[in-house]
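> Quick mapping for you: the protein sequence lines, in order, are chains A and B. Take the first sequence: its letters are residues 1 to 294, numbered as in the working numbering. Take the second sequence: its letters are residues 1 to 268, numbered as in the working numbering.
Each hint should be verified, as a subset may be incorrect.
Said to hold, decoys possible - Estimated spans, in silico, between C-beta atoms of each pair: (1) A:R202 / B:W68: 20 to 30 Å; (2) B:I253 / A:R126: 35 to 45 Å; (3) B:P151 / A:R202: 54 to 64 Å; (4) B:L110 / A:N65: 48 to 58 Å; (5) B:S174 / A:A280: 55 to 65 Å.
No wet-lab data here; the hints were simulated from the structure. These numbers come from a predicted model, not from an experiment. Here a beta-carbon is modelled for each residue, glycine too, at the ideal position from N, C-alpha and C.
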Amino acid sequence: MEVLKIQNLSKSYGKLKALDDLNLVIESGQIMGLLGPNGSGKTTTLGIILGILSADSGNYTWFENKYDGKHRLRIGSILETPNFFPYLNADQNLDIVRQIKKVPKQEFDDLLELVQLKSRRKSNFRTFSLGMKQRLAIAATLIGDPDVVIFDEPTNGLDPQGIMEVRSTLSRIATRGKTVFMASHILDEVEKICTHVTIIKRGKLLATGPVGSILSKDLTIEVASQNNELLIGFLRSREDVKNILQKNGIVECQVDQKLDVSEFSKSIFNIGIVPTHFVARKKRLEEEFLEITK
Amino acid sequence: MIRLLKLEWTKFRKNNVIILMLTFFSLFLPASLYFTTIIPTLPAFFPSKESIIQFPSIWEYLGYAGNWMSFFFLGVLAIYLVSIEINNKTLRQSIINGLSRQEYFLSKVLSIFVLSIGATLFYTILCIIIGIINTEPDTLKLIFDNAYAIPRFFLMTFGYLSFALFLIFIIRRSGIALFLYIAYGIIIEVLIRYFIIEKVSNTAITNYFPLNSFEDLMPNPAFKFTESIPNSVEFDFLLTHQQATLSSIIYIILFLGISYLSFMKRDI
Chain A
1 MEVLKIQNLS KSYGKLKALD DLNLVIESGQ IMGLLGPNGS GKTTTLGIIL
51 GILSADSGNY TWFENKYDGK HRLRIGSILE TPNFFPYLNA DQNLDIVRQI
101 KKVPKQEFDD LLELVQLKSR RKSNFRTFSL GMKQRLAIAA TLIGDPDVVI
151 FDEPTNGLDP QGIMEVRSTL SRIATRGKTV FMASHILDEV EKICTHVTII
201 KRGKLLATGP VGSILSKDLT IEVASQNNEL LIGFLRSRED VKNILQKNGI
251 VECQVDQKLD VSEFSKSIFN IGIVPTHFVA RKKRLEEEFL EITK
Chain B
1 MIRLLKLEWT KFRKNNVIIL MLTFFSLFLP ASLYFTTIIP TLPAFFPSKE
51 SIIQFPSIWE YLGYAGNWMS FFFLGVLAIY LVSIEINNKT LRQSIINGLS
101 RQEYFLSKVL SIFVLSIGAT LFYTILCIII GIINTEPDTL KLIFDNAYAI
151 PRFFLMTFGY LSFALFLIFI IRRSGIALFL YIAYGIIIEV LIRYFIIEKV
201 SNTAITNYFP LNSFEDLMPN PAFKFTESIP NSVEFDFLLT HQQATLSSII
251 YIILFLGISY LSFMKRDI
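Hey, can you work out the whole structure from these sequences and the hints?
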């Protein structure tokens, strides 16, 4: 089922084109990462599909229907920062979200357990650390058991401990079978959590699909030796090796992922080069992202 | 509607600023009446000091005191009800969570409606209590002689709060909205009226300005007495109650209507 379908969405702020004819489909059960450099239109995209910004042109549908109040109750979301009343405690703030979502009165034990805030449920929001605020916001998105959860830069501004806590919370949510749409510019985060990824830049769609399909089929090989010139000459002589470059004394190149790596390393030995460093790794999303958005 | 009011109650029942504003309103309203009674000498055209706290004129005096109190404390509170949500971004979060823009706007209108009802009830109870204590038993039959002041008090309060809501929904900056609200009420409208009076011969038209219309629902009783002095002034100070009621209703519809259209259309 198509949970969200965005068609030809455009939005400008004065002369600045924030979204330029964006198209995107998210299917049920996907964990979609929306990637893009700062100012690429991620938050604008989310703002439009959540009804707080209006598009100049184009449209979108939720659950294969036009966006309306009923559908919004099936979506849990935080946009940018966690937004709560500072003078109310965690329970009271969650109760406001519960009332908006027309969910029967309930305790929030499970949710607060999930985000590890049960012991601080009676503390005022203003006394929370940024990580705790973010986790409370994540708990709020899950009220009413929504079909879709949307996060915008969920680890923004957090310290390493906070990032770890939020990531582990997101991973737990992902295992609950929800459709997740997450905007981020932290590629590592998307690579670890998401099943699918969409990359945009200056409001334009650059790539979309499963993370595996976005990642290149190539392997990256790093080799260092006492004689890098000879090594580079050897690599250039092979047809199955491409994109050879030297960085900080390490020669890096790309080969097809089907290449037998042990055979490849033997061939280097065979010409009399003894590698002091040899690593074969799949290309990371970060590298792919940088290449796509270049 | 009950759901929206419950939501507003959950949001604001523990808010110290709101509690403080309501406390000020509740304390200063009776206190202002008390201070009037301890002024050593009133202008000659005023009736006796005692009449201020007696039926039926207490409705007018306390109403006029309420005019100021509603403008300041409740008006500021109305701006605060929205501005705190803009500043904490709970407004946009409410929409994201599933509240429609119509519902959000209605929740704020309901809030100022309930505030106006509450203020009117308080004013009514206060008038009755103070009036009964200070009125001679044989004149107590006058108790409801001026009671039509009650709906006018409500309309006046609702008018001020609608104007406050209008400013914060249009401007969306708490400081600027608050400044404009107070500055317009105290000086800007007065200045505009003054310049129009200077240029235009038909001066009565300036009485129809928005805040003056609200004010004339519960006017300063002193104007009534000065108008009764022959040849003391060259134009009407006040709108009649009917004129003030009609123009206030029109302004309330305009303020809330424009706020609604703006809120529905603009990005949040």
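> Now tell me, hint by hint, if it's right for this structure.
Each hint, compared with the structure:
1. A:R202 / B:W68: 20 to 30 Å: Distance hint for A:R202, B:W68 is violated at roughly 55 Å.
2. B:I253 / A:R126: 35 to 45 Å: Once the Cβ atoms are compared, 39 Å apart, the range 35 to 45 Å for A:R126 and B:I253 holds.
3. B:P151 / A:R202: 54 to 64 Å: 58 Å, holds
4. B:L110 / A:N65: 48 to 58 Å: The hint (48 to 58 Å, Cβ to Cβ) is violated, given that B:L110 and A:N65 are roughly 29 Å apart.
5. B:S174 / A:A280: 55 to 65 Å: 59 Å, holds
Checked against the numbered hints above, the structure violates hints 1 and 4; every other hint is satisfied.
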